[in-house]
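Start from chain A and add chain B according to the hints.
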Amino acid sequence: MLELAVFEKMPDQVKISHEELESSGFCENPLFGCLVAEVPEEHKSKEGFTVVGYGLYFYTYSTWRGRALHLEDLYVMPEFRGRGIGKSMLSKVAEVAKKMQCARLQLSVLNWNTPSRDFYAAKGAQDLTAAEGWHLIRFDGQSLDNLANDAPKD
Amino acid sequence: MDFSIRAANVEDCKDIARMIMELAEYEKVTEHVKVTQRDLEQDGFSKNPFFQGIIAEVPEQHKSSEGHVKIGYALYFYAYSSWSGRASYMEDLYVMPEFRGKGIGKALMSKVAQLSLAAGCKQLNFTVLNWNKSSLDFYISQGCFDVTEKMGYHCMRCEEEALQNLAQP
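Order-wise, the sequence lines are chains A and B.
Counting from 1 along the first sequence, just add 717 to a position and that's the residue number in our numbering.
Counting from 1 along the second sequence, just add 559 to a position and that's the residue number in our numbering.
Bound-form chain A, shown alone (with noise of 0.2 Å):
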């Protein structure tokens, strides 16, 4: 994660740590499903790792369409990229999906990322933002806490 945030240019948004993935990841109810890439020992990477790359999603909702799933983060470690590592998970995502009777797989790109747009406009993503002018808009911090504490007292 810390790795694929610094490709992105920031590194010093990641805030959360490999314990709260834990507890997050894998208790009852969990946050999000995530799939990894192995290679064998004698393929390990330089630094000596033989899981090599992830895919986090979660399940979310359309109101027009019904269950969805979004993919969160897909990354393969540089080193091991163009072996089709990036596209066998983006699949076994997609066959998540479909067992799950999801009608849409949306995740969100960079826009100067042009190998990642790319490679998602070939396997056929159409681009929101481009096409249709959807813009992701968030609340945090304080932000969140002020609008939070303006709600109706119960």
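Read the hints as simulated data drawn from the structure, not as lab findings.
Each hint can be trusted.
Some chain B residues judged to face chain A by a derived CB distance under 10 Å, without partners named:
1) Arg565
2) Ala576
3) Val594
4) Leu634
5) Gly644
6) Ala666
7) Lys670
8) Val671
9) Ser675
10) Trp690
11) Gln701
12) Asp705
13) Val706
14) Glu708
15) Met715
16) Ala726
As a list, the in silico DSS-like pairs of lysine-lysine whose alpha-carbon atoms are at most 27 Å apart:
17) Lys870/A / Lys661/B
18) Lys804/A / Lys840/A
19) Lys661/B / Lys587/B
20) Lys709/B / Lys732/A
21) Lys593/B / Lys573/B
22) Lys709/B / Lys665/B
23) Lys622/B / Lys870/A
24) Lys681/B / Lys726/A
25) Lys870/A / Lys629/B
26) Lys587/B / Lys573/B
27) Lys816/A / Lys593/B
28) Lys593/B / Lys815/A
29) Lys809/A / Lys840/A
30) Lys692/B / Lys587/B
31) Lys809/A / Lys606/B
32) Lys815/A / Lys606/B
33) Lys726/A / Lys804/A
34) Lys870/A / Lys681/B
35) Lys573/B / Lys661/B
36) Lys840/A / Lys726/A
37) Lys761/A / Lys804/A
38) Lys709/B / Lys692/B
39) Lys587/B / Lys622/B
40) Lys593/B / Lys840/A
Cβ atoms here follow ideal geometry from the backbone N, Cα and C, with glycine treated the same way.
Using the frame of chain A, we list chain B on its own:
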């Protein structure tokens, strides 16, 4: 005007389905709506629901011109940010036109924020069409920021044939 904001229950699905269609008409996309009242009942009120709902209700004496007392809703679900952990995503926020300008939309959104914070969420996210100036202005005035503008994220989607093709081994 007097109104109440409360968590949705399974009996609200008929009115939620009605208002989903009203919102789709406003967004000019009615032909895209495939979700039925039954889908909402199954997907929102089972053991592991796919979404949470909030309803805005008015007293009988203030009912709409067509006789409805459930006059607004918000629908949200829990997401996950691999950078900051649990997050909330607000899929829909809608108030019937004749009840706008009374703070009901703001009250619905605040309730989503309150419940999301209580559930441990660090973000509340949603999407808005860039031509929907009145909604964008409303949200910005409430203190949020445009992630697409600021950070350059584009929303991508695979569905129907593209999704089928992707799921082939």
